[in-house]
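Protein chains in written order, with our numbering: chain A, 1 to 186; chain B, 1001 to 1161.
By construction, these hints were calculated from the structure, which means they are not laboratory data.
Quick caveat, the model's predicted, so the values are computed rather than measured.
Every residue gets a Cβ at the ideal spot worked out from N, C-alpha and C, and that includes glycine.
Check before you lean on any hint, since a few could be wrong.
As a list, the in silico DSS-like pairs of lysine-lysine whose alpha-carbon atoms are at most 25 angstroms apart [stated by the list, open to error]:
#  : chain 1 : residue 1 : chain 2 : residue 2
1  : A       : Lys172    : B       : Lys1091
2  : A       : Lys172    : A       : Lys19
3  : A       : Lys146    : A       : Lys158
4  : A       : Lys15     : A       : Lys158
5  : B       : Lys1043   : B       : Lys1022
6  : A       : Lys75     : B       : Lys1091
7  : B       : Lys1091   : B       : Lys1061
8  : A       : Lys75     : A       : Lys172
9  : A       : Lys72     : B       : Lys1139
10 : A       : Lys72     : A       : Lys172
11 : A       : Lys72     : B       : Lys1148
12 : A       : Lys15     : A       : Lys72
Heads up, incomplete: computed chain A residues facing chain B, CB under 10 angstroms, no partners named [what the hints assert, rightly or not]:
#  : residue
13 : Leu71
14 : Lys72
15 : Ala76
16 : Ser106
17 : Lys111
18 : Asp114
19 : Lys115
20 : Thr142
21 : Lys154
22 : Ala169
23 : Leu170
24 : Trp175
25 : Phe179
Covered stretches of chain B, as calculated for chain A (at least 3 residues, CB under 8 angstroms) [what the hints assert, rightly or not]:
#  : stretch
26 : 1128 to 1136
27 : 1140 to 1153
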Amino acid sequence: MDRNVLTKWLKQPQKMGNKYSLWAIYFCTGCGIIEVPPVITSRWDAERFGVIPVATPRQANLFLITGYVSLKTLKAIIRTYELMPEPKYTVGFGSCPINGGMYWDSYNTIKHLDKYIPIDGWIAGCMPRPEAIFIAVTHLWTLIDKDMANGYKKYREKYPYYRTNQERALGKLAWPPQFEKGEENE
Amino acid sequence: MSDSMNKKLKAVFRGIKTATGKDGRLSVSTPPENARDVLRSLKDEGYTHLALISCVDWIDKQKFELIYILSSYFENEHIILRTSIPRENAKFTSIIDTFENAEPYEREIHELFGIDFEGHPRQIPLFLERNYEIPPFRKDFDTRAYVKQLFDEIPFVEEDR
């Protein structure tokens, strides 16, 4: 290990820990999940980058949203996101979460995922290659280093807005607000 | 096999048109009042498996076309049965007493196309959670306008700071 990296580790050990153990929740959304099995198995072997799939949101801190998000899936995504412990990072995978993609005029698919939960990075393409996940992960490392992957902080700050958007899309939500609604408003 | 089936059907029922595809698959179109009896007699002939019920909205002709796909384990063949019903106040009789597995298909067609199946025990929504003025799979449902007034109206979180 070279000396620069060592000082980084000593300065902010917690951040380095977050960086190199991105545990991804194994949440299957749409068609993009077909790229994830090769990524986590021996051919591309995501564990080289510290990315492993985990079964429950309580263990995870990376949320890959792979593919189009229907209204019912959005409900599950919001609940999963709120269950994950902080710090948590989200990456939208494929063009559908970005702006609807080929479902741009579908009656049941949401168009911009970042209206409902904060997203730290996007991977464009339909479909992106498995290598794109690694590029995204290395980008996420730099973002974490520079304190720019702060989606979860934004979610805390602007929770009223997010909650309003979620209720506008989904109607009345069956779960209580995660943070005080309207407290930190402005 | 499909030839003899063809002859049998034509002998028994009135107003039936048949066509045989390239692969020898028989497709039968029948007036709606006969459809139930045709289905029942096909079931007696060994076509015991209802594979699918589908629906097409022909908005120019003001018709809904219901498509029943049956298959036989004995002949290893499919038969496609089509019937057209008028588009306004669309209703048709349920075939659950003949094929029990028609229940979810009819429920789905009821919520997506708005066809009322008489005799269906519970026509409650299967997939949809919202109420739509026009059922969303009809051709006159304007998806673009719906997306504009539902999804595009929701603001981005940065913008309203």
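Do the hints match the structure? See the list:
Straight-line distance between C-alpha atoms of Lys172/A and Lys1091/B comes to about 33 angstroms, which puts the hinted pair past the 25 angstroms bound. With a C-alpha separation of about 36 angstroms, the suggested pairing of Lys172/A with Lys19/A is violated against the 25 angstroms cut-off. Between the alpha carbons of Lys146/A and Lys158/A the distance comes to roughly 21 angstroms, so the proposed pair stays at or under 25 angstroms and holds. Under the criterion of a C-alpha separation no larger than 25 angstroms, the hint pairing Lys15/A with Lys158/A is consistent with the structure, at around 24 angstroms.
Pair hint Lys1043/B plus Lys1022/B holds up; C-alpha atoms about 24 angstroms apart against a cutoff of 25 angstroms. Under the criterion of a C-alpha separation no larger than 25 angstroms, the hint pairing Lys75/A with Lys1091/B is inconsistent with the structure, at around 34 angstroms. A C-alpha spacing of about 17 angstroms is found between Lys1091/B and Lys1061/B, which places the hinted pair at or below 25 angstroms, so the restraint holds. Of the pairs offered as hints, the one joining Lys75/A and Lys172/A holds, with about 11 angstroms between alpha carbons and a cut-off of 25 angstroms not exceeded.
For a cut-off of 25 angstroms, the pair hint linking Lys72/A to Lys1139/B stands: about 24 angstroms separates their Cα positions. The suggested pairing of Lys72/A with Lys172/A holds, with an alpha-carbon distance near 13 angstroms, which does not exceed 25 angstroms. Taking the CA atoms of Lys72/A and Lys1148/B, the gap is near 19 angstroms; set against the 25 angstroms cutoff, the hint holds. In summary, the hint linking Lys15/A to Lys72/A is not supported, as the alpha carbons are separated by about 34 angstroms, beyond the 25 angstroms threshold.
For Leu71/A, the interface hint holds, since its Cβ comes within 10 angstroms of a Cβ in chain B; the closest pair sits about 7 angstroms apart. Evaluation of the Lys72/A hint against chain B yields a held restraint, the C-beta minimum of about 7 angstroms falling below 10 angstroms. The beta carbon of Ala76/A is not positioned within 10 angstroms of any beta carbon in chain B (closest approach about 13 angstroms), and the interface hint is therefore violated. Because the smallest distance between the Cβ of Ser106/A and any Cβ of chain B comes to about 7 angstroms, under 10 angstroms, the interface hint for this residue holds.
For Lys111/A, the suggested interface contact is upheld, since its CB lies about 5 angstroms from the closest CB of chain B, less than 10 angstroms. The interface hint given for Asp114/A holds, since its Cβ lies 7 angstroms from the closest Cβ of chain B, which is under the 10 angstroms cut-off. Among the interface hints, the one on Lys115/A holds; its C-beta lies about 5 angstroms from the nearest C-beta in chain B, closer than the 10 angstroms criterion. With a least beta-carbon distance of about 22 angstroms to chain B, the hint placing Thr142/A at the interface is violated under the 10 angstroms criterion.
This hint holds: Lys154/A has a C-beta 8 angstroms from the nearest C-beta of chain B, less than the 10 angstroms allowed. For Ala169/A, the interface hint holds, since its Cβ comes within 10 angstroms of a Cβ in chain B; the closest pair sits about 6 angstroms apart. Below 10 angstroms, beta-carbon pairs count as interface contacts, and Leu170/A has one with chain B at about 8 angstroms; its hint therefore holds. For Trp175/A, the shortest C-beta to C-beta distance to chain B is roughly 16 angstroms, which exceeds 10 angstroms, and the interface hint is violated.
About 14 angstroms separates the beta-carbon of Phe179/A from the nearest beta-carbon of chain B, more than 10 angstroms, and the hint is not met. With 5 residues having a Cβ less than 8 angstroms from any Cβ of chain A, the stretch 1128 to 1136 of chain B passes the three-residue criterion, so the hint holds. With 9 residues having a beta carbon nearer than 8 angstroms to a beta carbon of chain A, the stretch 1140 to 1153 of chain B meets the requirement of three or more and the stated coverage holds.
Violated hints, listed in ascending order, are 1, 2, 6, 12, 15, 20, 24, 25; each of the other numbered hints is respected by the structure.
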